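Student: Listed here are the chains, written in short residue letters.
There are 2 protein chains.
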Amino acid sequence: MDSEMKALGERARRAAAALALASTEQKNRALAAMASAIRRSANAIISANARDLAVAAEKQLKPSLVDRLRLTPDRLEGIAKGLEEIAALPDPVGRVLSRWTRPNGLEISRVSVPIGVIGIIYESRPNVTADAGGLCLKSGNAAILRGGSDSVESSRAIVACLAEGLAEAGIDSAAIQMVPTADRAAVGEMLAGLGGTVDLIVPRGGKNLVARVQADARVPVFSHLEGICHVFVDRDADPAMAEKIVLNAKMRRTGVCGSAETILVDKAIAGTALTPIIRALMNAGCEVRGDAATQAAAAGVKPASEEDWSTEYLDAIVSVRVVDGVDEAMAHIAKYGSQHTDSIVTGNAATAEKFLRTVDSAIVLHNASTQFADGGEFGFGAEIGIATGKLHARGPVGVEQLTTFKYQVRGHGQIRPQ
Amino acid sequence: MDSEMKALGERARRAAAALALASTEQKNRALAAMASAIRRSANAIISANARDLAVAAEKQLKPSLVDRLRLTPDRLEGIAKGLEEIAALPDPVGRVLSRWTRPNGLEISRVSVPIGVIGIIYESRPNVTADAGGLCLKSGNAAILRGGSDSVESSRAIVACLAEGLAEAGIDSAAIQMVPTADRAAVGEMLAGLGGTVDLIVPRGGKNLVARVQADARVPVFSHLEGICHVFVDRDADPAMAEKIVLNAKMRRTGVCGSAETILVDKAIAGTALTPIIRALMNAGCEVRGDAATQAAAAGVKPASEEDWSTEYLDAIVSVRVVDGVDEAMAHIAKYGSQHTDSIVTGNAATAEKFLRTVDSAIVLHNASTQFADGGEFGFGAEIGIATGKLHARGPVGVEQLTTFKYQVRGHGQIRPQ
Numbered sequence: 001m002d003s004e005m006k007a008l009g010e011r012a013r014r015a016a017a018a019l020a021l022a023s024t025e026q027k028n029r030a031l032a033a034m035a036s037a038i039r040r041s042a043n044a045i046i047s048a049n050a051r052d053l054a055v056a057a058e059k060q061l062k063p064s065l066v067d068r069l070r071l072t073p074d075r076l077e078g079i080a081k082g083l084e085e086i087a088a089l090p091d092p093v094g095r096v097l098s099r100w101t102r103p104n105g106l107e108i109s110r111v112s113v114p115i116g117v118i119g120i121i122y123e124s125r126p127n128v129t130a131d132a133g134g135l136c137l138k139s140g141n142a143a144i145l146r147g148g149s150d151s152v153e154s155s156r157a158i159v160a161c162l163a164e165g166l167a168e169a170g171i172d173s174a175a176i177q178m179v180p181t182a183d184r185a186a187v188g189e190m191l192a193g194l195g196g197t198v199d200l201i202v203p204r205g206g207k208n209l210v211a212r213v214q215a216d217a218r219v220p221v222f223s224h225l226e227g228i229c230h231v232f233v234d235r236d237a238d239p240a241m242a243e244k245i246v247l248n249a250k251m252r253r254t255g256v257c258g259s260a261e262t263i264l265v266d267k268a269i270a271g272t273a274l275t276p277i278i279r280a281l282m283n284a285g286c287e288v289r290g291d292a293a294t295q296a297a298a299a300g301v302k303p304a305s306e307e308d309w310s311t312e313y314l315d316a317i318v319s320v321r322v323v324d325g326v327d328e329a330m331a332h333i334a335k336y337g338s339q340h341t342d343s344i345v346t347g348n349a350a351t352a353e354k355f356l357r358t359v360d361s362a363i364v365l366h367n368a369s370t371q372f373a374d375g376g377e378f379g380f381g382a383e384i385g386i387a388t389g390k391l392h393a394r395g396p397v398g399v400e401q402l403t404t405f406k407y408q409v410r411g412h413g414q415i416r417p418q
Numbered sequence: 001m002d003s004e005m006k007a008l009g010e011r012a013r014r015a016a017a018a019l020a021l022a023s024t025e026q027k028n029r030a031l032a033a034m035a036s037a038i039r040r041s042a043n044a045i046i047s048a049n050a051r052d053l054a055v056a057a058e059k060q061l062k063p064s065l066v067d068r069l070r071l072t073p074d075r076l077e078g079i080a081k082g083l084e085e086i087a088a089l090p091d092p093v094g095r096v097l098s099r100w101t102r103p104n105g106l107e108i109s110r111v112s113v114p115i116g117v118i119g120i121i122y123e124s125r126p127n128v129t130a131d132a133g134g135l136c137l138k139s140g141n142a143a144i145l146r147g148g149s150d151s152v153e154s155s156r157a158i159v160a161c162l163a164e165g166l167a168e169a170g171i172d173s174a175a176i177q178m179v180p181t182a183d184r185a186a187v188g189e190m191l192a193g194l195g196g197t198v199d200l201i202v203p204r205g206g207k208n209l210v211a212r213v214q215a216d217a218r219v220p221v222f223s224h225l226e227g228i229c230h231v232f233v234d235r236d237a238d239p240a241m242a243e244k245i246v247l248n249a250k251m252r253r254t255g256v257c258g259s260a261e262t263i264l265v266d267k268a269i270a271g272t273a274l275t276p277i278i279r280a281l282m283n284a285g286c287e288v289r290g291d292a293a294t295q296a297a298a299a300g301v302k303p304a305s306e307e308d309w310s311t312e313y314l315d316a317i318v319s320v321r322v323v324d325g326v327d328e329a330m331a332h333i334a335k336y337g338s339q340h341t342d343s344i345v346t347g348n349a350a351t352a353e354k355f356l357r358t359v360d361s362a363i364v365l366h367n368a369s370t371q372f373a374d375g376g377e378f379g380f381g382a383e384i385g386i387a388t389g390k391l392h393a394r395g396p397v398g399v400e401q402l403t404t405f406k407y408q409v410r411g412h413g414q415i416r417p418q
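Chains as they are written, first to last, in my numbering: chain D, 1 to 418; chain C, 1 to 418.
Hints are computed from structural coordinates only; laboratory data are not their basis.
Take the hints with a grain of salt, since some may be wrong.
Identical copies look the same in the list; a pair holds intra-copy or inter-copy alike.
Capping the alpha-carbon separation at 25 Å, the derived lysine to any residue pairs in SDA-like fashion look like this [as the list claims (entries may be wrong)]: (1) 59 / 84; (2) 302 / 25; (3) 59 / 107; (4) 207 / 42; (5) 207 / 192; (6) 267 / 350; (7) 267 / 91; (8) 6 / 53; (9) 81 / 324; (10) 267 / 295; (11) 335 / 112; (12) 335 / 101; (13) 207 / 51; (14) 6 / 58; (15) 207 / 173; (16) 244 / 168; (17) 354 / 299; (18) 207 / 218; (19) 207 / 235; (20) 6 / 209; (21) 59 / 192; (22) 244 / 103; (23) 207 / 193.
For clarity, every value in this text was computed on a predicted model and none was experimentally measured.
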């Protein structure tokens, strides 16, 4: 392993041990000081960002990537406010999750503790630097940040502000470190766990990044590869509600992981409900790709291929299929879904409960838009992402999900009988 | 991938989907019927076990391994009772772990659900076949069992009884499957996740088995490699309590993972407390290996090498070291421990809380023996093992820890604003 990376991991491990014991007040003081430092250093950060943008222009980076990279005074203020919002969240560390007393008098408590050292691997979005650093700090975890190389100057300027905040609160600056090298081998070393110092990897970015992390990581990963989210319009749905939910689930924002990609419509109401739903989507500017029944229901529907059912468009495109009731809808979701977020629209409570119970996704909804798949909408505050893995964190990953637990057992001399 | 293994994985996946929806009554009926089948088939199982024992004798297997392999009518009755005890546990599936209502009226519930398909890899202990199968069934998970090759006939006879129980309750027999081949490549395929069908691997066995599973698994693993457990006798300890706890922690059973391997004694009371502790251990038949101060405290103490501090003896051997207070004790545990179970004996509440808060182990105890590191002693009922990983399951792994959760969101037409 590269000796610089090894030393970075060891510093993170030591910082994590101290940070696990930091008081709520100390962590919040650091977050507030970070926000102040960002505001105070706005000019320096914007200058650093301009250097990144100049390189990006030379490299003829795609406009959408340049937009993500660009920092403006407004966006910087958003970053500072984000840190203050994290400070305002309840401390997720030290919560007594449960407590019970055994017949022998032992008192057992399950108490939340930080996970340890978290590696964040992300694309060239400078705002993630502050978000991820702040969320890790609040949850008592040391962060090792590895952002995209196009944002290296911006990220470095932001990390300098985070370090100022840590210093003001008397916290080891190694609590938030940036990988010092743009060398891609550094990512491989993080994924291998940096010699046992990294407890968890969180990738933030597109499918290629997440796929690489999932394939190569030798430590746990919180991530979702894609969100192929469904809305099923059941035979007992209120047609107006169904149309409203479908439209919002697909079109509110098409680029988020909770946006719907496939609409399933129950054959029993397709005759009346399908055409208005398709028209509403088309009127909103959405391309509709459907099976034969859907193509027959409205002009302008393109034929859906087998591949469409497993495609995350992240765009104003939707696939629509007519299915024979909730069972066929659930079978479709089991086959093509990504265990992320799926919704049923129905007025029938029994059908709804069957769907909520059976569909094996992190989030299942009844009569609500899939776009609620979001830590803020769940009341978690800021989130670092959404996880579709089955263990530990599933769904939105906020500061609580960045903690684990230990058992504290209090006795008065108990020994275990033979 | 071997086509037989692939088919086995796919059957497990289908069985898991159905089992997730099985009622408590149905699962308990299956467990009771399994226990009856074990009792009814006692002769057949003992005959199958005799065939395993005959092969073991030919291979001149070690006596300790032969003892683990041997089934007697008493042990079979223990296996049947174990299944009935699992039936008597509360159903861990479908618990509402938390529930809250958002300002927009969305009602969010976090509900426990099975993990899915669990692969159990174990040594030649036929009783694990029934234990693991029963625990997975109760928690709604399909099990793929791969026991040691020396116990293949015994395990097959037990799995036949489990299948009878499943059939009587109308549950797909693929809910508990045994890997049909003794081919070691099958283990590799399980560790790779059987083409995405295995959600979790639980190894049950010695360090070599666990180390291989941890090194090669591409899916999550619940395990502990070793239990290097400590008892720290603080300057404010009651000497009689300390002696009693140390003796129990080390000697109650030396072969369990929660047995203490190292005793740390505060320098401030070493002058009075150390000699009686060493003598008590020696009188109980324990070999004591110590640092210079410990060697000086009693005749017969052997010198401890650097390696001793990180050795799990699993035997009547203990290492003893004199440390300068709780901080040095915690530093020793951080350096040499295995994040399993560690105990402090002290009458000083502040010192105790510092230890409980700082030591980064799955289980930390105050004034109690490390031998309480056990699912039964925690009130979890039967356990499948102890985990020292940080995520999801930490400490004893019982049926609750074999579940995960999903979010069920109930609305009445809510859409997300822009």
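Student: Each hint: holds or not?
Tutor: How the hints compare with the structure:
| no. | hint | result |
| --- | --- | --- |
| 1 | 59 / 84 | neither (35 Å within a copy, 68 Å between copies) |
| 2 | 302 / 25 | neither (58 Å within a copy, 49 Å between copies) |
| 3 | 59 / 107 | neither (62 Å within a copy, 48 Å between copies) |
| 4 | 207 / 42 | neither (32 Å within a copy, 54 Å between copies) |
| 5 | 207 / 192 | both (20 Å within a copy, 22 Å between copies) |
| 6 | 267 / 350 | within (18 Å within a copy, 67 Å between copies) |
| 7 | 267 / 91 | neither (49 Å within a copy, 37 Å between copies) |
| 8 | 6 / 53 | neither (31 Å within a copy, 50 Å between copies) |
| 9 | 81 / 324 | neither (49 Å within a copy, 46 Å between copies) |
| 10 | 267 / 295 | within (14 Å within a copy, 83 Å between copies) |
| 11 | 335 / 112 | between (36 Å within a copy, 23 Å between copies) |
| 12 | 335 / 101 | neither (45 Å within a copy, 31 Å between copies) |
| 13 | 207 / 51 | neither (27 Å within a copy, 53 Å between copies) |
| 14 | 6 / 58 | neither (34 Å within a copy, 50 Å between copies) |
| 15 | 207 / 173 | neither (32 Å within a copy, 38 Å between copies) |
| 16 | 244 / 168 | neither (50 Å within a copy, 47 Å between copies) |
| 17 | 354 / 299 | neither (34 Å within a copy, 71 Å between copies) |
| 18 | 207 / 218 | both (19 Å within a copy, 19 Å between copies) |
| 19 | 207 / 235 | neither (35 Å within a copy, 56 Å between copies) |
| 20 | 6 / 209 | within (23 Å within a copy, 28 Å between copies) |
| 21 | 59 / 192 | neither (31 Å within a copy, 40 Å between copies) |
| 22 | 244 / 103 | between (55 Å within a copy, 20 Å between copies) |
| 23 | 207 / 193 | both (21 Å within a copy, 21 Å between copies) |
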